[in-house]
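Starting from the given sequences, assemble the full structure and let the hints guide the process.
Residues in the sequence shown are numbered from 1 upward in steps of one, following our numbering.
For the record, the hints were derived by calculation from the structure and aren't laboratory data.
Distance windows between CB atoms, simulated:
| hint | residue 1 | residue 2 | range |
| --- | --- | --- | --- |
| 1 | V134 | K19 | 45 to 53 Å |
| 2 | P199 | A90 | 32 to 40 Å |
| 3 | L40 | F99 | 28 to 36 Å |
| 4 | P76 | R21 | 46 to 54 Å |
| 5 | P20 | V272 | 45 to 53 Å |
| 6 | N115 | V95 | 24 to 32 Å |
| 7 | V134 | F28 | 34 to 42 Å |
| 8 | V34 | Y203 | 34 to 42 Å |
| 9 | R298 | I151 | 38 to 46 Å |
| 10 | L208 | W79 | 50 to 58 Å |
| 11 | L44 | I151 | 43 to 51 Å |
| 12 | N229 | P76 | 29 to 37 Å |
| 13 | Q252 | Q22 | 44 to 52 Å |
List time: in silico EDC-like cross-link candidates among lysine to aspartate or glutamate, alpha-carbon distance up to 20 Å:
| hint | residue 1 | residue 2 |
| --- | --- | --- |
| 14 | K212 | D201 |
| 15 | K275 | E71 |
| 16 | K242 | D257 |
| 17 | K110 | E204 |
| 18 | K110 | D201 |
| 19 | K275 | D75 |
Keep in mind it's a predicted model, so treat the numbers as computed, not measured. Quick reminder that beta carbons are idealized off the backbone N, C-alpha and C, glycines included.
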Amino acid sequence: MSLHQGPTGALQRPKRWLKPRQQEFLMFLPACVVVALFLLLPFLMSFPISLTNERLIPRPVKFVGLKNYIEVLTDPVFWQALWNVTRFTAMVVPVQCGFALAMALMINQKLPFRNFFRGALFLPAITSMTVVCVIWGTLFQFPTGPLNQIIGFVTFGMAGPVDWLGTESSSMPAIVLLSAWQAYGFQMVVYLAGLQSIPNDLYEAARLDGAKTWGRFRYVTWPGLRQTNIFVIIITTIQAFKLFTQINILTQGGPRDSTNTVVQYMYNVGFVGQKLGLASAVAVILFLIVLAISLLQRYFLRDRT
Numbered sequence: 001m002s003l004h005q006g007p008t009g010a011l012q013r014p015k016r017w018l019k020p021r022q023q024e025f026l027m028f029l030p031a032c033v034v035v036a037l038f039l040l041l042p043f044l045m046s047f048p049i050s051l052t053n054e055r056l057i058p059r060p061v062k063f064v065g066l067k068n069y070i071e072v073l074t075d076p077v078f079w080q081a082l083w084n085v086t087r088f089t090a091m092v093v094p095v096q097c098g099f100a101l102a103m104a105l106m107i108n109q110k111l112p113f114r115n116f117f118r119g120a121l122f123l124p125a126i127t128s129m130t131v132v133c134v135i136w137g138t139l140f141q142f143p144t145g146p147l148n149q150i151i152g153f154v155t156f157g158m159a160g161p162v163d164w165l166g167t168e169s170s171s172m173p174a175i176v177l178l179s180a181w182q183a184y185g186f187q188m189v190v191y192l193a194g195l196q197s198i199p200n201d202l203y204e205a206a207r208l209d210g211a212k213t214w215g216r217f218r219y220v221t222w223p224g225l226r227q228t229n230i231f232v233i234i235i236t237t238i239q240a241f242k243l244f245t246q247i248n249i250l251t252q253g254g255p256r257d258s259t260n261t262v263v264q265y266m267y268n269v270g271f272v273g274q275k276l277g278l279a280s281a282v283a284v285i286l287f288l289i290v291l292a293i294s295l296l297q298r299y300f301l302r303d304r305t
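Right, here's the structure in full:
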């Protein structure tokens, strides 16, 4: 931006065509348009579709009211899928967030090659979930996969191979481990930003008071990450309820529906069963469930001071 001299000889900036708030709005507008086109608009369209018997194949569409919602809510397979994804969320949120916080604490230190480690630790987050599923599917392979070979080596052959994805007791924990490893990078970056926003003066004061490493974490780091924790937990919960790719590639909901999720259920009724109206009803119900959980989390985790 060029400068020019005013009548008094002082340098003056030319007038801006837009005010700062207008500039912020224009920079924010493209993101709003993308979200509206690819998230908000499809959801708004799914509600009227959920009130019809529309199918993927061409046929006359008839208004059916709340019939699709009643069919979904009375289907035991849906409730099993909802329980499965709730169980997955309860397991993956602490594992993924805890591991992300640990990695953020590590790379926040003044370590050699710190930038290299930051990039390496974030690599799984930018790797396609399909590729990750293929890699972990090989690790979980029964009975000669690498994980089973490690178990046999560590236990001197006393522990038999585990069918990680073929038994009801181990299939969901295996999916949790895979998912937490692939997605923790995003939470790690958020935690790293939160750690760097904590003033160093607080740590210096804690050291002067004689606080050790655990004391500084407990009384300085953890309280300073309160808002970051709220954001990370809510975002991770929302992502967990959308679990689909891992299930669709590795288990297809088995064994015996033990890994079936709401999105997998929606895929089965919408694309396999070609009942688009019924699948739209599932989408609306899932949205309301996730919205309610997010609001409850925000209420109970809010700062009460």
